[in-house]
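Dock chains B, C, D and E against chain A, hints included.
Listed here are the chains, written in short residue letters.
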Amino acid sequence: MARFLKNRKKSHGEAPGSLIFIGNQKMEKSRIRVIQYNKENLVEKEPDKIENAGTYVRKGYLTWINIDGLHDVDLMEKLGNMFQLSSLALEDMLNTDQRPKFFEDEHNVIIILKALTFDKDSSILHSEQISFILGDNYLITLQERVGDYFEPVRERLRNNMGRIRTSEPDYLCYSLFDTLVDSYIMNIEAVGDIIEEQDVTILKGAKRNIIEEIYKHKTEISYIRKSIRPVKEIMTHFIKSDSKFIHKKTHVYLNDLDDLVTQALEAIEIYYTMVSDQLTVYHTNLSNRVNDVMKVLTIFAAIFIPLTFIAGVYGTNFDHLPELHYKYSYFIMLGVMVCMAGVMLLYFKRKKWL
Amino acid sequence: MARFLKNRKKSHGEAPGSLIFIGNQKMEKSRIRVIQYNKENLVEKEPDKIENAGTYVRKGYLTWINIDGLHDVDLMEKLGNMFQLSSLALEDMLNTDQRPKFFEDEHNVIIILKALTFDKDSSILHSEQISFILGDNYLITLQERVGDYFEPVRERLRNNMGRIRTSEPDYLCYSLFDTLVDSYIMNIEAVGDIIEEQDVTILKGAKRNIIEEIYKHKTEISYIRKSIRPVKEIMTHFIKSDSKFIHKKTHVYLNDLDDLVTQALEAIEIYYTMVSDQLTVYHTNLSNRVNDVMKVLTIFAAIFIPLTFIAGVYGTNFDHLPELHYKYSYFIMLGVMVCMAGVMLLYFKRKKWL
Amino acid sequence: MARFLKNRKKSHGEAPGSLIFIGNQKMEKSRIRVIQYNKENLVEKEPDKIENAGTYVRKGYLTWINIDGLHDVDLMEKLGNMFQLSSLALEDMLNTDQRPKFFEDEHNVIIILKALTFDKDSSILHSEQISFILGDNYLITLQERVGDYFEPVRERLRNNMGRIRTSEPDYLCYSLFDTLVDSYIMNIEAVGDIIEEQDVTILKGAKRNIIEEIYKHKTEISYIRKSIRPVKEIMTHFIKSDSKFIHKKTHVYLNDLDDLVTQALEAIEIYYTMVSDQLTVYHTNLSNRVNDVMKVLTIFAAIFIPLTFIAGVYGTNFDHLPELHYKYSYFIMLGVMVCMAGVMLLYFKRKKWL
Amino acid sequence: MARFLKNRKKSHGEAPGSLIFIGNQKMEKSRIRVIQYNKENLVEKEPDKIENAGTYVRKGYLTWINIDGLHDVDLMEKLGNMFQLSSLALEDMLNTDQRPKFFEDEHNVIIILKALTFDKDSSILHSEQISFILGDNYLITLQERVGDYFEPVRERLRNNMGRIRTSEPDYLCYSLFDTLVDSYIMNIEAVGDIIEEQDVTILKGAKRNIIEEIYKHKTEISYIRKSIRPVKEIMTHFIKSDSKFIHKKTHVYLNDLDDLVTQALEAIEIYYTMVSDQLTVYHTNLSNRVNDVMKVLTIFAAIFIPLTFIAGVYGTNFDHLPELHYKYSYFIMLGVMVCMAGVMLLYFKRKKWL
Amino acid sequence: MARFLKNRKKSHGEAPGSLIFIGNQKMEKSRIRVIQYNKENLVEKEPDKIENAGTYVRKGYLTWINIDGLHDVDLMEKLGNMFQLSSLALEDMLNTDQRPKFFEDEHNVIIILKALTFDKDSSILHSEQISFILGDNYLITLQERVGDYFEPVRERLRNNMGRIRTSEPDYLCYSLFDTLVDSYIMNIEAVGDIIEEQDVTILKGAKRNIIEEIYKHKTEISYIRKSIRPVKEIMTHFIKSDSKFIHKKTHVYLNDLDDLVTQALEAIEIYYTMVSDQLTVYHTNLSNRVNDVMKVLTIFAAIFIPLTFIAGVYGTNFDHLPELHYKYSYFIMLGVMVCMAGVMLLYFKRKKWL
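Residue numbers (my numbering), protein chains in the order written: chain A, 1 to 354; chain B, 1 to 354; chain C, 1 to 354; chain D, 1 to 354; chain E, 1 to 354.
Just chain A, same shape as in the assembly:
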């Protein structure tokens, strides 16, 4: 199936804003996890229904609701009502082929991003859509499947490390972003590692199917680029936004993250160029080998074809062929042949073919 642009077929002709899940259902049942905390306390819950999750949002506490599994359209609709999300926003969150996106209204700031996972065996990248809904004292995150991207942040919350427990939801949101950007960098590094290691193989030119691999890596890099490039735009929106939910003091962190995304994009460009160059180098090396093969052929042909011809001449059955009857003819012929071969070898040596 087309990987770089998926059809929104199911919703084709539907009213924009109708809620339909577009994607592969990646888990059986949606899982809701709530972490409610302030400086002093932290409570973790796993309510069955989203309605219950909503009750945790209250003054004096910061509530992080994490929902794994997007296919439950009913749940999403309820969520939309509870937190005053526009139907268009809900639709975008449900469409797992949505381009990364930032939008804000008076109730929420909504950001849709991609998380990347590199499958080392198949050398293929998988992406998962993750949505953030940032409100006054809550943050809701939606993942396609049970993600472990956010576990380190959860750990920090539990252990009350750093400033995370004392900060606003935008800082929590930033911390989660940071985990995603880290995942980008890890993936780029993983692909980059393979590409850099390939250098040696390509210059030696031994492996036959390397061209498939080069091409595959190039496609993977295109895929990463497609996923990360809009993140740069989103960072800019995020930093420039004057939403009341994004506080001045978080800006320095966002700027830092923005830098990291820039660095990631620059690295992608370099790897992209490297892979293109590897293709060229491989092709040139191939020509080098063709040239080598040709030389071997030419040397053999140029030496033995004339000699065979001479032998052929004295193999003719003419009645009058005077050389045949001299006593040393045969040896003279052999001598001439050795000379000719020697001359040819010298010629090829001077041409640097040997």
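Think of the hints as simulated: they come from the structure by calculation, not from any bench. Among these hints, one or two may not hold up.
No copy labels: a pair is met if it fits in one copy or bridges any two.
As the list claims (entries may be wrong) - In silico lysine-lysine, BS3-like type, Cα no more than 25 Å apart, as pairs:
id	residue 1	residue 2
1	Lys204	Lys216
2	Lys204	Lys352
3	Lys249	Lys78
4	Lys49	Lys78
5	Lys249	Lys39
6	Lys248	Lys232
7	Lys204	Lys120
This is chains B, C, D and E only, laid out in the frame that chain A set:
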């Protein structure tokens, strides 16, 4: 005929603004369909004459006039008079090679777009020009032929689904745009699918005429790009326009659409690069095969040419050729030949030609 | 001679602003044609001297002075005095290698453009410089030779078609521009036609000198691009200019023209890419043919060289060569040879070389 | 030595602003030439010492001091003191690998440019740094060696041609710039001429070392581009500067010059692309020739190898080889051989190899 | 390991702003060097502990603290407390894969840059991260290892050369930047030198492994570009910053430096293109050589294969082969063979293969 820029020959030398239909007449008679509706009622009509269609536009109702078939210059002229369209606008709508365009005056907002249809058999894209005239309480759409792009929207109108029946004409206009953008994405996906499937064929290198196909796909992608790129500009104009016919609350929908167009363009760029890479990979694979063929040739030649030479020497008819008369000469010769062949095979094995 | 940048040698070291004609004199004598008109009347004259032409400019009339032939420096100087043109402006109009240009002062708006003519036989584009001097109630056009670009506009003036007779000189100027832009599009279409037709030839790969043609087309497209790209800038200047000679109501026409120029440039880019791709496709096809030739050679060599060797062995004249004396040796040898050839053919079949 | 970026080694570790001459001393002794003039009078002097030159600067006159030879650090230091040049400015003027540059303070406007000379024999461009110091009533120019770029301007001054004697120093400065830009265009034309002529040679593919030349031209064009690109920036600075030394009325001339630089850069880009294309065309032509050589080889091999095999079979010495003894065997064999060769020729003809 | 983007693995999941050293520890113990000076006095110290270093910062003096070795997290933490550095800033300084960066708050201006060292033996560039903390009357520099980049500046301080002793810390900071930019230019020159020298080798095409070297140089240039490109951004930030620690009069120096960085980047682009071109030239030359080899083969084959065939025909043992019995048959055959060879040679001469 030149596909990427058609001559406006017929109008050459004509006063700009003269009404002339430029294009292939795609249907016999223009067909006029009117849908007049408000929250409570919906009436569908098919008047014969455009004059009759005009009478449906009245207060309290939203009227959507859809005209299929552009070749009836007379009809267009009447339409222009009825809705105060400038002659330049009419000329642009009649020229089916018009670049997608947005312009507004105090009477109307006019948008000219392209719809794309991908013919799977010939792998060729056809485009159709669709014009939108957006007024206070009416929307007029002009299509080159009886289009079925808009049927889903008609269905929604009839079934009173979503907010479409209660919204202004700009929302109807957006809904129709949405159908077109969906058609772009479907086409990109269709071409993209083929391109991604080609990967396997190219890496195997089996099919001979694949190069024609690659080249054809590249041209099709250029064609899509040419059609969609100006749509991005138009979305920007549409969103930034302060025309009284475009309402604030429609902006969020337009922004969403704008995002979709961006996503489409990004996918096009990726597919374009992929096709270029496929060309390179194909070429490199070809060199690989040339190399293989060369190796087979060289191995045969390098082994048998020297052996044939030796046989040739003992085929000569010299009177004095001592080796001929030893009892085991023949077997010694065969032995030497086997050895030589063995050495050559070893040599080629070490060179990794075998 | 360098086609893409001509030396201003003659004027080298001259004071900037000295009047010197740079170019090839394309006609013997300058020809002056005057059309003086208002809504009711139209008079056409061909005065001998520019001084006489000047007398036609008067209140209540719009005067269009068209001068064919630029080499008459004296005439130009008089023109400059009559219409208060700066010497720098005159110098630029006389230099036929001038880059398209827009400048305005309190007396005039001056625009220098290129008209393109495609010579179908030689497939070479020729360009001609055309200058426009737009004043309060007059328009002066300067052409290198007697141009027929403007004849359709003259015809419209005579027949009082459209709004041209009732409009200001800027509309006349726009109408003439429109003719030039039409000429660009016709030329792009002409070249584009040839390029699109070449597709078939290239994919078949029959014609040998096609590479020369591809390269020639690429150069022609560079030439068109060089000529048209600055026109885009000039349109922007023209539209944004607040000169009193350019009226608000002409803007809508200029915008339309600007769109056309954009469309032309986009088409040029596509054709440029197509030609580059054709070069690549041609090259790849060539490699395909080399591969085919190689296969034929290898098949013949690989089948017959070993057989010839076997025959050679039994052509030796050893006294003791037991096989020679068996009754069916010859037929056994033939059988073995047929088998070997069969095996080789099967091998090549499996390799898909046959 | 690295041509595109020279090390400032000598000054490495020196305080920025220390005066050190970096470059090759191109003449033995610095030469100072002073032209002092107003509308009525013009005096030319060649003072020995820079101190004397300074005395010529006085009210009512415009003084142009031209210094050839930059290596005299002492002279430069005195110059700096006399005209209040910052040490950083002096350092930049002495470093002959300085990037073209514009800077202004309350005392002077300083511009550093490159003049280009194309050595036709070696096809190599040499550049010379020229600095301009523009003050209230004086202009100082510094050249690496005795330049003849400025002679035409001197001539115009002496002959009181054009407006030069009555204008401010900025007009004189502009006139000198004009000479330099003319030199750029002459050089581009010279290289461009060679490149355009090469077209024929490349398409014929006769000359072997053409690839060296193509590559050399590409490097030269890079060199010109590197020299001219910053000039465009400088023109912008010059035009936008609100220094009191640059007068409004000079702007129209500077704009004209700016246009010329743009034209030069566009031409460079075109030539650059042409050279790249030539490389591709050359390569493709080469493949064409390889293909031709291969065909000749294959035709000879495919015709004669089977025939030789047949002859080989009848050259075997089997006791029982019935065909040998029929009367017409030999002629039948010859006939078969002719038929086979004919079939092969037909086959190659149909494949269009002949 | 991936060279273009290193994973921040260790800090993955850590709270942003936690202090962790990321990089290879390049020295055993951090070394602290303090230079405290004003116009009259200069004191150099090497305190053991950072706490002691802090005491040197006092009114009336400018204090430069240089710390070599970043791995001592404890030291860094103390430094952060003493000079009110944010934990995010500290984290960035400790991460040696940090992208060059500029940020300012009310306490400090912090700049992170890279120094480059070119290892001539391995032709590989190493980079070292250097951080600058610029305060009111102090400058702190952090290096990964004991650098000798700054020695010339230290020398100038000791010898009281130029304006350095009388200027603010921003001028000292600029002087150190200048040393780094010099190091960039030296490295570009070093790589550029090698690339320009390669030209000859490549055009001759002798060396086999040159393709590895070309590819290596291309990667090195990517590496330099990656390191220097952000420096351009930083210069812009630095110049535009309105921090109280950056004084107006330093701007002229920063502008000069900015120019130098631009020049460096332009040179990098040129060298990058040169290396790409070298790859193409090498490939084309290779095809040239393949062509030459082919010609030799074809000439030998085309001359001798037909001759061998003829000899083969007269080597057959037919009973009735009339030519065998004529007296001069053998000599006629030899004559015919010489003629045939002559014709072939002429043919090849005319084809310019000889």
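Status of each hint after checking the structure:
1. Lys204 x Lys216: both (20 Å within a copy, 14 Å between copies)
2. Lys204 x Lys352: both (21 Å within a copy, 12 Å between copies)
3. Lys249 x Lys78: Intra 33 Å, inter 23 Å, cutoff 25 Å: inter-copy only.
4. Lys49 x Lys78: within (10 Å within a copy, 49 Å between copies)
5. Lys249 x Lys39: Answer is within: at 18 Å inside a copy they meet the 25 Å cutoff, but 40 Å across does not.
6. Lys248 x Lys232: Intra 19 Å, inter 27 Å, cutoff 25 Å: intra-copy only.
7. Lys204 x Lys120: both (24 Å within a copy, 23 Å between copies)
Of the numbered hints listed earlier, not one is contradicted by the structure.
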